[in-house]
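Can you make the complete structure from the sequences, with help from the hints?
Quick mapping for you: the protein sequence lines, in order, are chains A and B.
Letter 125 of the first sequence, counting from 1, is numbered 125 in my numbering, and no numbers are missing.
Letter 86 of the second sequence, counting from 1, is numbered 211 in my numbering, and no numbers are missing.
Hints are computed from structural coordinates only; laboratory data are not their basis.
Every residue, glycine too, gets a C-beta built ideally from N, C-alpha and C.
One should not assume that every hint holds.
If the Cβ cut is set under 7 Å, some of the chain B residues that face chain A in the computed set are [stated by the list, open to error]:
no., residue
1, N259
2, E427
3, E429
4, G463
5, I503
6, S504
7, P505
Derived pair list, reagent style DSS-like, types lysine-lysine, alpha-carbon separation capped at 30 Å [said to hold, decoys possible]:
no., chain 1, residue 1, chain 2, residue 2
8, B, K514, A, K54
9, B, K514, A, K75
10, A, K75, B, K508
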Amino acid sequence: MPLYSAKVMDHFRNPRNVGSIENADGVGEVGNAVCGDIMKIYLKIDDDIITDVKFETFGCGSAIASSSMATEMIKGKPVSEVLQLTNKAVTEALDGLPAHKLHCSVLAEEAIKAAIEDYQAKHKQ
Amino acid sequence: MIYADNAATTQMSEKVIKAMLPYMEKIWGNPSSLYSFGQESKDSISFAREQIAGCIGATAAEIYFTSGGSEADNQAIISAAKIGAKKNKRHIISTAFEHHAVLHTLDKLKREGFEIELLDVHENGIITPEQVKNAIREDTALVTIMYANNEIGTIQPIAEIGEICRAAKVIFHTDAVQAAGHLPIDVKAQNIDLLSISAHKFHGPKGIGALYARKGIQLVNIIEGGAQERGKRGGTENVPAIMGMATALLDACANMAENNSKLLELRQKLIDGLNKIPHSTLNGDAEKRLPGNVNFCFEGIEGEALLLHLDDKGICASSGSACTSGSLDPSHVLLAIGRQHEIAHGSLRLTLCENNTAAEVEKIIVAVGEVVEYLRSISPLWKDKLIGKREFVLPE
Ligand SMILES: Cc1ncc(COP(=O)(O)O)c(C=O)c1O
Ligand SMILES: [Zn+2]
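This is how it looks when you write it as C-alpha cells:
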C-alpha cells in the first residue's frame, strides 16, 4: 500500500491555488524551518467572502497536499464559515493521512486562521 | 526505474539466487540432524563460514551467523559491555552518527549504568585517531565506531583506531555493514575485535548477517536456544541465506577494485552535476567516502517532497528529512556534522552500485535539478531568501 491516498498524491502532484496574491487582504504564515514545514496563505476577501486564495509551502507531501486541499475548501466561502474549518475536515477530504503525518497537515488550518486574523486586524483600523 | 538507494538495500544478483536455490530445493535438512542428509547442510554452512572468514582476514571459528547487521551490532556491544563490567569498566566510546542499532543499544547500557561518550564527527564526518586516543580511560570497556557511515558514506580511520585500542587493551567493535564487500577489510591487520556485516548491503539476501568476534572474546547470547553457532546464537540456521551471503561477499570482494573504479567515476559525475544547483552542498568528506555514496542538502526545500517527485520520475532515493523518518527531527547524522535543522530537512541520499550507468546518473542530475527548482518555486522560505528577508545558509 502506498504511503498516501490517491487524493493526497493528486493534490501533491497538481497543487491547486499555488502562488501569492499581491495586495492580499490577509496573509498568514505558520510553522518554522526548524521543524521542516512552513505554510503561507494569501487571501482576497470581498464582502466577507473569500474570493481568492493562494498558498506557498515549504514542507513534505502531506503539508503540500493539505495546503492545496484547504485552499479549495475555503474558496468562495464566507469568513465565518472558514473559521470553522478544522484539520480533521481537511484530512478527511484527502481520504486520510498516515498518523505520523497528521502534524504536517495542522498547519493548513492554522495558516488560514492566521490570514483571517491578519485581515480582521487590518479591517478594524 | 532507476534504483539509487543501495545503502538501504541491494538487488540480489542472479549468481546469489542460483547459489541459494539448491538449499531450498534439495539440501534442506537441518544442520543439527545426525543423519547424512542433515550433515550435508552442516558441511555447506561450514564452507560458507570459511569463505566469509577469508574475505575479512578472520578464521571460520570467529564467524557467528546472525539475523543481520542489527543483531550483530547488539550482540557485539552487549558482549563487550559484559566483559568490561566484570572488570568494573563501564565507559564506552562511540560517535554521534552511528546507526540506531548501535546508538539504541548504547542507550540501553546507559540506563544500566554505563557511561557513554560520543565523539564529535566534525563537519567532514570523520573522527580522528587522536580523539579516540584522548578519550580512552582506565575504565574504558569498548570503542565502537562504524567503518563507513550509512547516510553520508564517510570512511573512518579504522586501522589507526584499531592500533590505538589494541595498545590500550580496549575492545574495538566496528559496524562494517556499509563497508563489507565495498572496502577492503582485514580484521587482523586492522586490529578489529568485533565486526558486524549484513548480506543485503552487498547483493545478498535480507535477514542474514554475521558477527566476527576475535578468538578469546566471550560472546553473550542475544538469542537463547540450541547449540547452534557454538552455543552463542540459538535457532536453526537459515542455510539458503547463509549460502547466499557467502556467494555475495566472495563476489563483491573479487570485483571490488573493478566495481569501485567504475563507481568513483559515476560518483564524481553525480557530485559535479548536483553541485551546479545553486545553494546546495555535499554532505561529508568529498574523497573519504564510500565509492557509491552521494549525499546533498538543497536549501529551501523539504526532502520528502523531493523523494515523492523523484519517485514519480522513476528514481528511488532517500532523505534525512524529519518527514521521512517519522520523527520531528531530521537525520541525527546530518545534525552530527553540524547541518542546521532547516538545511538537514532538504537532504537527498543517492547511493549507487556497479549496475548503475552514466546515462542513469545524467537522468538523475536532470530530474533532481527540475524538482528542486519546482519545490523552491512554491517555497515561502526560498522566496524570503531571494528577496533578502532571510539569509541564505549555503553559498551560491
Ligand atoms: C551502518 C548500518 N548498521 C546496521 C544496519 C542494520 O542492518 P540490518 O538491516 O541487516 O539489520 C544498517 C542497515 O540499515 C546499516 O546501514
Ligand atoms: Zn511533514
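Problem set entry | Pair hint K514 of chain B and K75 of chain A, alpha-carbon separation not exceeding 30 Å | holds (29 Å)
Problem set entry | Minimum beta-carbon distance criterion (7 Å), G463 of chain B to chain A | Where the cut-off is 7 Å and the nearest Cβ of chain A is about 15 Å from G463 of chain B, the hint is violated.
For this session: Take a quick look at whether K75 of chain A and K508 of chain B sit within 30 Å of each other, Cα to Cα.
Result: Between K75 of chain A and K508 of chain B the Cα gap is close to 24 Å, so the pair holds against 30 Å.
For this session: Would you mind confirming whether the straight-line C-alpha gap from K514 of chain B to K54 of chain A stays at or under 30 Å?
Result: holds (20 Å)
Exercise. Does the CB of P505 of chain B sit less than 7 Å away from some CB of chain A?
Worked result: Hint on P505 of chain B: holds, closest Cβ of chain A at ~4 Å, below 7 Å.
Problem set entry | Hint status (Cβ of S504 of chain B to nearest Cβ of chain A, threshold 7 Å) | Check passed: Cβ of S504 of chain B comes within 4 Å of chain A, closer than 7 Å.
For this session: Hold the hint about N259 of chain B up to the distance rule: shortest CB distance to chain A must be less than 7 Å.
Result: The hint is violated - N259 of chain B has no Cβ within 7 Å of chain A, the shortest such distance being about 33 Å.
For this session: Tell me if I503 of chain B is really an interface residue toward chain A, meaning its C-beta lies closer than 7 Å to one of theirs.
Result: I503 of chain B check passes; min Cβ-Cβ to chain A is 5 Å, inside 7 Å.
Problem set entry | Status of the E429 of chain B interface restraint (C-beta, 7 Å, chain A) | holds (4 Å)
Problem set entry | Hint check: 7 Å Cβ-Cβ cutoff, E427 of chain B to chain A | holds (5 Å)
Comparing the model with each earlier hint shows violations of hints 1 and 4; every other hint is respected.
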